[in-house]
Amino acid sequence: MVQERILPGFQAAQVQITKAEGLCLYEDMVLGRFFEDKCAEMYYLGKMFGFVHLYNGQEAVSTGVIQAMRPGEDYVCSTYRDHVHALSAGVPAKEVMAELFGKATGCSKGRGGSMHMFSAEHRLLGGYAFVAEGIPVATGAAFQTKYRREALGDETADQVTACFFGDGAANNGQFFECLNMAALWKLPIIYVVENNKWAIGMAHERATSQPEIYKKASVFGMAGVEVDGMDVLAVRAAATEAVERARSGEGPTLIEALTYRFRGHSLADPDTLRAKAEKELWFARDPIKKFAAYLIEQNLADQEELKAIERKIQAVIDEAVKVAESSPEPDPSELHRFVFAEDE
Amino acid sequence: MAETFFFEALRAAVDEEMEHDPSVFVLGEDVGHYGGSYKVTKDLYKKYGELRVLDTPIAENSFTGMAVGAAMTGLRPIIEGMNMGFLLLAFNQIANNAGMLRYTSGGNFKIPIVIRGPGGVGKQLGAEHSQRLEAYFQAVPGLRIVACSTPYNAKGLLKSAIRDDNPVLFFEHVLLYNLKEELPAAEYLLPLNKAEVVRQGKDVTILTYSRMRHHAMQAAKILEKDGYDPEVIDLISLKPLDLETIGASVRKTHRVIVVEETMKTGGIGAELIASINDRFFDELDAPVIRLASQDIPTPYNGALERLTIVQPEQIVEAVQKMVALQV
Chain A
8 MVQERILPGF QAAQVQITKA EGLCLYEDMV LGRFFEDKCA EMYYLGKMFG FVHLYNGQEA
68 VSTGVIQAMR PGEDYVCSTY RDHVHALSAG VPAKEVMAEL FGKATGCSKG RGGSMHMFSA
128 EHRLLGGYAF VAEGIPVATG AAFQTKYRRE ALGDETADQV TACFFGDGAA NNGQFFECLN
188 MAALWKLPII YVVENNKWAI GMAHERATSQ PEIYKKASVF GMAGVEVDGM DVLAVRAAAT
248 EAVERARSGE GPTLIEALTY RFRGHSLADP DTLRAKAEKE LWFARDPIKK FAAYLIEQNL
308 ADQEELKAIE RKIQAVIDEA VKVAESSPEP DPSELHRFVF AEDE
Chain B
40 MAETFFFEAL RAAVDEEMEH DPSVFVLGED VGHYGGSYKV TKDLYKKYGE LRVLDTPIAE
100 NSFTGMAVGA AMTGLRPIIE GMNMGFLLLA FNQIANNAGM LRYTSGGNFK IPIVIRGPGG
160 VGKQLGAEHS QRLEAYFQAV PGLRIVACST PYNAKGLLKS AIRDDNPVLF FEHVLLYNLK
220 EELPAAEYLL PLNKAEVVRQ GKDVTILTYS RMRHHAMQAA KILEKDGYDP EVIDLISLKP
280 LDLETIGASV RKTHRVIVVE ETMKTGGIGA ELIASINDRF FDELDAPVIR LASQDIPTPY
340 NGALERLTIV QPEQIVEAVQ KMVALQV
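First to last, the sequence lines map onto chains A and B. Just so you know, we're using our numbering here: the first sequence kicks off at 8 and counts up by one. Just so you know, we're using our numbering here: the second sequence kicks off at 40 and counts up by one.
Bear in mind the hints are in silico, worked out from the structure with no lab data behind them. Don't take each hint at face value.
Computed list of lysine-lysine pairs in DSSO-like fashion (alpha-carbon distance at most 27 Å, straight line) [unchecked claim]: (1) A:K193 x B:K81; (2) B:K85 x A:K153; (3) A:K193 x B:K291; (4) B:K233 x A:K193; (5) A:K45 x A:K319; (6) B:K149 x A:K193; (7) A:K153 x B:K86; (8) A:K153 x B:K81.
Let the hints inform the model, and build the full structure from the sequences given.
The following block contains the structure:
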């Protein structure tokens, strides 16, 4: 096991959050966790197929970033590990679950699957299955906002794009090419690297000459910050600053969130390469437990309120499964539908 | 319009469409200050500004993906491939995201993009600059592939491509930019899915596109002196193929010669012949003859390069041979 990076410190005491905000963050993280746990169950029951990559352990990143934005108005771009980004962006759990079941009611009408969640309504630009290929797409959405504002004179065009990807993508050319263009044109975008230390079986340190990804921003003259990705308030604080920078026309930010996936790369991964001690160290940093303790300590919530949220979310998940189960399969006569723009 | 060069016709199409719709913009290498490698966007940045005529760094895959993202969120990008061959570097974004994303997203997003630029074999440009990507991209679902061949059709087709809500790969030809033609003064658009009957005839149908259309017409001039009467059809739409126009011609002549610049293996002709066999086999009096480029990287040497692609005299011979068949 390689030397663990020291997580950057964060003074939670400096953050003023209201009870409502705290419960909202908690609920979003619980939604992500429960949803993924249910996915694992359904996968092993043979209800969903293909490659299914779960997000357990990384919830503070999705919640911390997206809840610092304006969901439904700002843009979110994801990877193959996209279920929870979709949920944080506001795509109803039943639509994500139905997509995983391959049903016509899925957010991608059963055409996309686990790695291709899309929702124009919720401004989810999609799950992109090839590593790093979503980065240019997100950069284009951010360019579009700048274009509307500056070329078309639309003063309401102040949307920010959040672009999520992993440590593996940060060694790909598209990452560097897009950081260059985003900094050059001061695009309103936040690049969020979820550094969970492993690209399937390739340890981050074995793949990169500079493991501190946030430092790669500096060569582009871009702001780069590292953040404890297991602390939702730390992520939210970094994201809030980045969102402000982007919205005010000051350009992009690279946020490196140090995090960990609690499960294998996908549900097909036997996960034999990661050391037990490493896993245990990170399990102990569970972002949901950590935030629950914070809420109670700060008198923002009591156990019963947190339990109530968990019950509420469990009901949402159960309902999502019910909808997914009972939804129709896509109509075979519509096999070709959506290949071209004329198919609405 | 007076006599207009091919590149000016394309420029006029871009200019008119940018004027017509403020969401239309151009991006690519040297499209702005430099004016485009073949002057198609010359001085447009002065009229529309640097955001609408965006000079990009040399990062084909990323700026193509950027255009996909811009298209998904409501803009209408025109990507210029400085040379279409460079877009091999953007293959992933063109295939996965421009081509397939509408379907994969279950209709959530449209990708109204035009990807245009010079393709084909030029004059001793070497193998990398002499590619015919239409063959490689034809298998990608969701893409429309169009090849223009005259100043007139270049302008009308490009305008339609820009207005189309699908991703369109729009092939120009490196050796056709200096063709000249009188163009109508009034605005016109041409359909993207219609083949053009360039010369009506009854003996044999020559199916071709892009620069090979001109080789086919040179051959036709020689042949008509000897009393042959070939029909020449410019496919225009390489995907989907206009099988209606093609079928009507096959029913008339019952003989087909395909003339293409793609390499023989896996070329446009391969798909075309398969489609003709599927649909019109009973109409054929003879097997289709395929004249295509040699299956080799295009050589630099001028004489070897000439041997690599189809020449008019080969078309003349093929027509003579086919018409001589007793059926």
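Okay, the hints, checked on the actual structure:
1. A:K193 x B:K81: holds (26 Å)
2. B:K85 x A:K153: holds (19 Å)
3. A:K193 x B:K291: Given pair K193 (chain A), K291 (chain B) is violated - Cα atoms ~60 Å apart, limit 27 Å.
4. B:K233 x A:K193: It is violated: about 43 Å lies between the C-alpha atoms, which goes past 27 Å.
5. A:K45 x A:K319: Measuring from Cα to Cα gives roughly 15 Å; hence the hint holds.
6. B:K149 x A:K193: The hint holds at about 26 Å.
7. A:K153 x B:K86: holds (19 Å)
8. A:K153 x B:K81: Judged against 27 Å, a Cα distance of about 24 Å means the pair holds.
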